[in-house]
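Please build the complex by placing chains Z, V, R, P, B, G and L on the supplied structure of chain D, with the hints as guidance.
Number of protein chains: 8
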Amino acid sequence: MPHSPCSDVTQREPESQCDNLGFARVDLARLRRQGVPEVVYGAGKTGEQIAAILESLRDHGQTPALVTRIDSAKAATVSAAMGNSFEYFPDARLGRLGSPRAPDGHGPIVIAAAGTSDIHVAEEAALTAETLGNEVKRLYDIGVAGLHRLIACADDLSSASVVVAVAGMEGALASVVGGLVSCPVVAVPTSVGYGASFGGVSALLAMLNSCAAGVSVVNIDNGFGAGFLAHRINHTGIRK
Amino acid sequence: MPHSPCSDVTQREPESQCDNLGFARVDLARLRRQGVPEVVYGAGKTGEQIAAILESLRDHGQTPALVTRIDSAKAATVSAAMGNSFEYFPDARLGRLGSPRAPDGHGPIVIAAAGTSDIHVAEEAALTAETLGNEVKRLYDIGVAGLHRLIACADDLSSASVVVAVAGMEGALASVVGGLVSCPVVAVPTSVGYGASFGGVSALLAMLNSCAAGVSVVNIDNGFGAGFLAHRINHTGIRK
Amino acid sequence: MPHSPCSDVTQREPESQCDNLGFARVDLARLRRQGVPEVVYGAGKTGEQIAAILESLRDHGQTPALVTRIDSAKAATVSAAMGNSFEYFPDARLGRLGSPRAPDGHGPIVIAAAGTSDIHVAEEAALTAETLGNEVKRLYDIGVAGLHRLIACADDLSSASVVVAVAGMEGALASVVGGLVSCPVVAVPTSVGYGASFGGVSALLAMLNSCAAGVSVVNIDNGFGAGFLAHRINHTGIRK
Amino acid sequence: MPHSPCSDVTQREPESQCDNLGFARVDLARLRRQGVPEVVYGAGKTGEQIAAILESLRDHGQTPALVTRIDSAKAATVSAAMGNSFEYFPDARLGRLGSPRAPDGHGPIVIAAAGTSDIHVAEEAALTAETLGNEVKRLYDIGVAGLHRLIACADDLSSASVVVAVAGMEGALASVVGGLVSCPVVAVPTSVGYGASFGGVSALLAMLNSCAAGVSVVNIDNGFGAGFLAHRINHTGIRK
Amino acid sequence: MPHSPCSDVTQREPESQCDNLGFARVDLARLRRQGVPEVVYGAGKTGEQIAAILESLRDHGQTPALVTRIDSAKAATVSAAMGNSFEYFPDARLGRLGSPRAPDGHGPIVIAAAGTSDIHVAEEAALTAETLGNEVKRLYDIGVAGLHRLIACADDLSSASVVVAVAGMEGALASVVGGLVSCPVVAVPTSVGYGASFGGVSALLAMLNSCAAGVSVVNIDNGFGAGFLAHRINHTGIRK
Amino acid sequence: MPHSPCSDVTQREPESQCDNLGFARVDLARLRRQGVPEVVYGAGKTGEQIAAILESLRDHGQTPALVTRIDSAKAATVSAAMGNSFEYFPDARLGRLGSPRAPDGHGPIVIAAAGTSDIHVAEEAALTAETLGNEVKRLYDIGVAGLHRLIACADDLSSASVVVAVAGMEGALASVVGGLVSCPVVAVPTSVGYGASFGGVSALLAMLNSCAAGVSVVNIDNGFGAGFLAHRINHTGIRK
Amino acid sequence: MPHSPCSDVTQREPESQCDNLGFARVDLARLRRQGVPEVVYGAGKTGEQIAAILESLRDHGQTPALVTRIDSAKAATVSAAMGNSFEYFPDARLGRLGSPRAPDGHGPIVIAAAGTSDIHVAEEAALTAETLGNEVKRLYDIGVAGLHRLIACADDLSSASVVVAVAGMEGALASVVGGLVSCPVVAVPTSVGYGASFGGVSALLAMLNSCAAGVSVVNIDNGFGAGFLAHRINHTGIRK
Amino acid sequence: MPHSPCSDVTQREPESQCDNLGFARVDLARLRRQGVPEVVYGAGKTGEQIAAILESLRDHGQTPALVTRIDSAKAATVSAAMGNSFEYFPDARLGRLGSPRAPDGHGPIVIAAAGTSDIHVAEEAALTAETLGNEVKRLYDIGVAGLHRLIACADDLSSASVVVAVAGMEGALASVVGGLVSCPVVAVPTSVGYGASFGGVSALLAMLNSCAAGVSVVNIDNGFGAGFLAHRINHTGIRK
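Residue numbers (the working numbering), protein chains in the order written: chain D, 9 to 248; chain Z, 9 to 248; chain V, 9 to 248; chain R, 9 to 248; chain P, 9 to 248; chain B, 9 to 248; chain G, 9 to 248; chain L, 9 to 248.
Excised from the complex, chain D in its bound form:
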């Protein structure tokens, strides 16, 4: 693929560091530096651009590689270019090049989701963590309005190295889970809701103000970020 002319400056980074495609500089040092290849943010890129970046990653042995926020049309373009090694998960709007790593973390990562509508974000987190080499347990539709459903899952929650708590609306799941477990909790607010949920802001604020210690927060609907961070936490001391 010819490089775009939009970057005037010639490729002066060392070959092993970066592949300058003009519209993108693929960070080839990411795998060595951070243990995980560069992840491609699919929104705002064309299918062709995504494919070119994945090719570069594949050619430099940087797999499994993930593409986030890629819709089905772009995924079809990428599939046509990359063949079978590219897999697409429509619920999670996630693409993956190459096979997941074998799980080698401290323990299972639990993905807890408050409602059915939160599942697509939860799946983005789950698939990300699985791809990077983690066992994942899914606990879906355990919102706090039916507390007995949540309490029935107490053993699964206790078994986790990390819990990812996914919730929209009032986002209370993170606080309640945070009070039950002794491991880190990564809270993901979702845009599920209407009116004064303000596209996830209410859940975000609730999670930032959690009265339970040990809870931290990622961006609204950022299932990928939560899964990635959970992976890192689950490999603390195992590196990388």
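Heads up, a few of these hints could be off.
Claimed, not checked - Stretches of chain G that chain V covers, calculated by requiring three or more beta carbons in the stretch to come under 8 Å of a beta carbon on chain V:
#1 26–33
#2 47–53
#3 199–209
#4 226–232
The set of hints was computed from the structure by calculation and includes no laboratory data.
Computed from a predicted structure; not experimentally measured.
Every residue gets a Cβ at the ideal spot worked out from N, C-alpha and C, and that includes glycine.
This is chains Z, V, R, P, B, G and L only, laid out in the frame that chain D set:
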């Protein structure tokens, strides 16, 4: 309908508590615990998912059951699956499985709406309250800019056990009604308006700041929540 | 006390309706119309003004009368003018003229508070409800981060005709309580917290977005409004 | 008083247009151009600066002159410098140099205020309008929660050429008055309230979204602006 | 046309006050009470509902009648029902039933618009004012970035009884015009802009904070409100 | 093309100052006064209106002329009217009439963009600066998460007279670049991101709070404004 | 110390779970359930209340115990009551009862702070982590505007199991650090800044939108939360 | 002065790059790298800390050095430590060590301020620019409500290499000046105003949305940043 594989954890809750469909855990204890079956939030679920949950509720005798924020396409899917026992109210975007209960509350619930554009929210409240066993009186288009229209309804307002006040724009109806009646007022801000109405935020804030005591507020456009709460208030001491 | 000259218009309301003090028109019809005398909002009034209004209420037999948001300095001024019949509650910043009514509602009102810092708002609600004729149970420091404390109070919660849920920070108490009880829940967000709690906005938004049905919300720190509304709900069908 | 050296540029405007004091350029053309002398915004100026500007206005025959948002300490400084011709109104935080003009507008301006706490803003409007040559009627404490108090003032409202509606909290007074009268209504939101009143924002938004036509809005607590605009409206066609 | 069944309460207002269509209570007293018939807010109503309301107004002699925020599809429905007496102005999204009144105000109303993109809001104001009986002068594309264009219009601005200043983006036009004229200025923020214009909020805030006295503000894109208010101001003392 | 009748006021500006097209007053003095012809804001204008303005500019020798925020459909209309002299850049949504000026500034302008999705804004800046007579260097996809890519560009950054830093999400590029260079930095926040990026607000706020001195900010996605300002800075002392 | 009468409900929790002091229910199960005793939030409690809670914790062997957001006056009260075992750290507004645990985590926790003004928040994080049994390295004043200072710390950053990144203003430190390390990063926005920093909101938003994966965020100024979470992460798989 | 123990990491940066004081790492490379020594942000530092940093700068020949946002008490502490070489400007809350550089830029920098209350921000800009080697002209109190005052300054504005436009309230000065000049305009919103000025946000938004090209914006009240940037612009091509 086969259960989704997305929840890894097997069904360990007692049969009578919860039906785990994978994508949803139907709360079968809700009727016993709270006097009303679980209400299905239709946004973010497919028609097939909604039908599966309603089947579960029907099979466990948990009717009348409500589905909120369901559009006509999903409603058609549900109707095809459930037959005549499912009724759809397009103005209110509400679906109902089973017959309404007979009215047995303290008195009538009055649903007051400021303008014609607020009617779909008002109807969601009215139908919810009627389904759960309440007499409902509708007073529509009685906004405060034509005060004589509101004052002409004074007797109806006085007869209420609860008033649900539905208004967009500046939301002043709640305060004016709150000053006229001696029963609880449930205020519902609507997203009717433009510009600095901010999708209902102006009405929401006005209602939260009502100078009339005895007014409380639910989420923007949350007709269901208002109707449900009005039902509960209207059954105080009658339980449940 | 001489009437302020700042209102140019002479007193044309019928004697029994209103007492025009110039700076205030005391609403003498409130007791008859709404079952409760006018409540004095203390902020923005001088101690002298508050005393004058209370005098007017007392002279027209409109007690017990409440003054909200009155600081201790103003309270001292009022006490000096009114004598023993005026009682001041510093925690709740509440003043009361006359004795509380005997409890005659459907059942107890439970005031649940998430943390110690929320108690002053909770007390404002509790004292308001007690004054107007309700039995009140206080359940304090039962925030969701220590769920067992909340669950240990399940019987008290179940016994309530109305629950007032008071919480700052992420305000999750309202949702968790709302999922446990079958009576109306009045949620009061408090300004307890820091940073992204935005003076109670996070708790307010969480409560408006509660996934539990049957929850409505009053203004931030509005303990009075919650206690007043709980009183009204607890007297539904008993009127007034 | 020596001129501040902070303005490097010498006084090149024609004498009759502007008096350059260094820290301020007194607009001497304002009276001729707009019918009213420049009004001094007292916040952010020292008492000495205010006195110097007033001296300049007096020396050029530009009275009555107003100073807004001036606290009592600065007012004392100004009084000491200017003598008896300067009058201070502490409730309205307003200072005035020279005598009010005789009323010569189309009719009375009615200043309606929702509550006692709104009076200081209402007085700023009232005194401004009186100074500029208008008859003013004050209707205070006629908030919408006691509608009969407002309706009792219907004749006074009908007699107005302009109504200034002053209210905090939910700001509903503007809409209700706007529905009753056929003259222009100038709405002034006040910062009276707490919690979700956000320092007057809730009232401001409510007034901007008024369902009554003929209502416009000035800044929060801007009694001066409302009084000034009411004066202009009341002199339409009389000019100036 | 049969009345909608959605309003349960029968028509108890006096015939001359209100025509209860079920989905709307047409305020027939508006013309007598406020000098102008009820104006129909077209958004959120169907074409059929709008036509029914206009019929009611026509049958009671309440013309010229205006419909705001009506799109071309609804306008076609109304035209089909009402015939030639209904006129549609697509730029302004305004419909009018009946002929404009003859101009009888104090003087011309000037509609000043900052840019070409603001014209549809400006036209809504202009047509409203013309319909209600005012001479209107249009001054378009005189934004402050080309000050000489604005200054070239100084004579037209000076001749006005009222100026309506329409601007998006930074909304500075209102302040600059406010400093040049001695009549009331009605400022209309528009949603023209992008990014930090926030759909007109930046212009709205600028106009509320205008350093020029005599400026008041209506809602974003509320050309109708501005034209209506300008009409009222232009008829002060002429009534009604 | 006939002039629109929507501006009632006849063309009283001197011929050389302004061409009044009715819907627009083309500012013909701009080139002389500010060194650059008026730039046409394409959003909210029709293709026909844009073409008419460009014709006026061309007829008065005011080229090269730019049209911003013009979509491809409008561009086609303009092309049909103007012929080959009009060029359209779809990535940047920019149109240009006439040839770019020869570069004559102090040095190169560097356009640095954080990610691939920011390129369309970066290109708008780059093309604007090139058109007005500047050498431009593009450095794309050098976001701070891969610092080595940014540091590899240090020489290019040092060579700049001005750097335009384009970034969405957290907008950190501006601060990091600002700490590396000694020339002015113009920061352009973009709407790239999701959730709590709030359409570019997060990047905007970050850039306004930059701890690096010498950074200023333009509106979200305002590539044109940044390119224009960079041009002005690059011609300081060369004028104009 | 006598128990406050404000909680009406007698102590029905099992002795080992909770100590009901009336104003507070000390969670004695926290140590067993979550590995760390309850942490006392000092804001909104009196010195006496804090001392009573600490006594309860000490009497049940729950040390080391932390008090956050305690000012020096309250700390003096607590010191007087508790003696030498209570230590106060004024910079961090932190109190500690009992000795820190010996470090037993996976590796060092690095606390990186952007500026001198951020140190009090950084110290709260550092002391919290040290108390709970972690080695802590402090890297202060390494903001991104002087990138070489940050890069000079690369080895220290690489050695960390967890990095806590503390920054106000534009909060870019989190993203830059996140791009350099392969361990989890806990970002703490601080309220350092002015104007559009909005008390830490700008830094918060920047951190939530970090383009570097592996970053999560806690509340503004929440040094305690960050230190606590870093402790948990550093003990993943070591439990507890 | 002994170094604070709060930074555990020993001084590994090269001597010439950085002086690690523990609480601060003085960036000694700033002068060489960026042409201006590090500027000390005084808020959040003690007088002692400021003095220590200034000592370090002086000892390494890095003067003139500036301290921003330093109150008079801290300034006194610094003066006592540093002697006569430290000068304090209370209006601008600015401290300076060493003499200003001789002016050597392209031309004068004009500092235009809208009102008297904006002068302290304007002075911070003016003194910063003078210190760094620029001729400065001050034009104060030329707000747009008195346009003739602004137009009277047209020649001074035209003579500028850069204009710094300082305004609060509606911030219109930036747009009007931007339309008059052909040099870069740096806009500084100030927190002058009340109500809906939101501490400078309204002015900030107006300036970001300026319809005049060539305007960029710095943080609210950031006079220093504007003066610094103006200096950089005024030295474009002169470097450094």
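To see whether the hints hold, each was checked on the structure:
1. Residues of the region 26–33 of chain G with a Cβ under 8 Å from some Cβ of chain V number 5, which satisfies the need for three, so the listed coverage holds.
2. Counting residues of the region 47–53 of chain G whose CB lies closer than 8 Å to any CB of chain V gives 4, which reaches the minimum of 3, so the coverage claim holds.
3. Here's how the region 199–209 of chain G fares: 4 of its residues keep a CB closer than 8 Å to some CB of chain V, so the rule of at least three is met and the hint holds.
4. A count of 4 residues in the region 226–232 of chain G with a Cβ less than 8 Å from any Cβ of chain V is obtained; the coverage claim is therefore met, three being the minimum.
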